[in-house]
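Quick note on full-length UniProt numbering: the sequence shown kicks off at 1 and runs consecutively.
In case anyone wonders, no lab produced these hints; they're calculated from the structure.
Just so it is clear, the structure is predicted and the values come from calculations on it, not from any experiment.
Take these hints with a grain of salt, some might be off.
Derived EDC-like pairs: lysine to aspartate or glutamate, alpha-carbon spacing no greater than 16 Å straight-line [claimed, not checked]:
| # | residue 1 | residue 2 |
| --- | --- | --- |
| 1 | 245 | 215 |
| 2 | 180 | 203 |
| 3 | 198 | 242 |
| 4 | 27 | 73 |
| 5 | 180 | 136 |
| 6 | 245 | 220 |
| 7 | 27 | 149 |
| 8 | 180 | 215 |
| 9 | 180 | 143 |
| 10 | 245 | 205 |
| 11 | 180 | 140 |
| 12 | 180 | 205 |
| 13 | 245 | 261 |
| 14 | 147 | 157 |
| 15 | 27 | 205 |
| 16 | 180 | 220 |
| 17 | 245 | 258 |
| 18 | 198 | 241 |
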Amino acid sequence: MGSKKRDLCSSAVHIAGVSEFTIPRTKQRLMYSHYGNREYRIFVAQPDADPPPLGFPVIYVLDANSVFGTMVEAMRVQAGRPDRTGVVPAVIVGIGYPTEKPFSPARFYDFTMSVPESELPARPDGTAWPEMGGAEAFLEFIETELKPEIQRELPVDRTKQAIFGHSLGGLFVLQVLFTKPTAFRTYIAGSPSIHWSKQLLLEAEQRFVARITHETLNVDVLLAAGELERSHKSRINAHAEELVKRLSAFTDFGVYVEFQEFAGEGHVTVLPALISRALRFVSRNSI
1 MGSKKRDLCS SAVHIAGVSE FTIPRTKQRL MYSHYGNREY RIFVAQPDAD
51 PPPLGFPVIY VLDANSVFGT MVEAMRVQAG RPDRTGVVPA VIVGIGYPTE
101 KPFSPARFYD FTMSVPESEL PARPDGTAWP EMGGAEAFLE FIETELKPEI
151 QRELPVDRTK QAIFGHSLGG LFVLQVLFTK PTAFRTYIAG SPSIHWSKQL
201 LLEAEQRFVA RITHETLNVD VLLAAGELER SHKSRINAHA EELVKRLSAF
251 TDFGVYVEFQ EFAGEGHVTV LPALISRALR FVSRNSI
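Construct all of the structure, not just a fragment, from the sequences and the given hints.
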């Protein structure tokens, strides 16, 4: 009898076919940048909804190999009921690299300004850091090559563009905020590596402050980190909180800023929670 039961159970399992799974309404392509002759893997997700009269908000996501899928699925689940979730449908554009690994060494070049090697933190394994200093060229690629391509293909609202970056990507987000604040409406910098080029970033911040006291801007800025990062020697949380405190003085000049710390999360585990919070933050002016 026991043998018969096992046979019946095994015969009940029938696999009709196996195929790769893809996230609905997403696509990817390779793009070559004229700035530095670099190659990027671009991921795009389009909402399953009718666009608003002025088009969808659009979120540009750095390190897309690691976070694009998480953000798209979070959007797909939450954007169906904006009245309850606070999340509206948006186009998501991921900027990644031609690799199947979650992170590429190429990010070190794209996300950083030129910093003397003597000022860089020591690498944990003792080896030299990859080439750096390509942030300006990377921003040129986004502004003059990638954005026009997306705007030709999809109905997006150019007044509601956001950029999301984490770690060195968060540092890049802040560099864009301070050097070209009109590039995006919303800036999300998760666990930003402010310590990486603290002096250069501070100088850029000072120029930004001088600008906004004469020119009113409308930018929303979210800085965030995991609670467990508070004990890291790079002082990620402290640097972020100090920056938020300084920027909060300019609310009347069109700068809205928040800091969010996620309980029980570290430098990498903070990403899913941050992504969910970022979607609501991007949507705050669209509901």
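Hints and how they fare:
no.: 1; hint: 245 to 215; verdict: 21 Å, violated
no.: 2; hint: 180 to 203; verdict: 14 Å, holds
no.: 3; hint: 198 to 242; verdict: 12 Å, holds
no.: 4; hint: 27 to 73; verdict: 14 Å, holds
no.: 5; hint: 180 to 136; verdict: 10 Å, holds
no.: 6; hint: 245 to 220; verdict: 14 Å, holds
no.: 7; hint: 27 to 149; verdict: 14 Å, holds
no.: 8; hint: 180 to 215; verdict: 13 Å, holds
no.: 9; hint: 180 to 143; verdict: 10 Å, holds
no.: 10; hint: 245 to 205; verdict: 13 Å, holds
no.: 11; hint: 180 to 140; verdict: 11 Å, holds
no.: 12; hint: 180 to 205; verdict: 11 Å, holds
no.: 13; hint: 245 to 261; verdict: 15 Å, holds
no.: 14; hint: 147 to 157; verdict: 11 Å, holds
no.: 15; hint: 27 to 205; verdict: 36 Å, violated
no.: 16; hint: 180 to 220; verdict: 14 Å, holds
no.: 17; hint: 245 to 258; verdict: 9 Å, holds
no.: 18; hint: 198 to 241; verdict: 14 Å, holds
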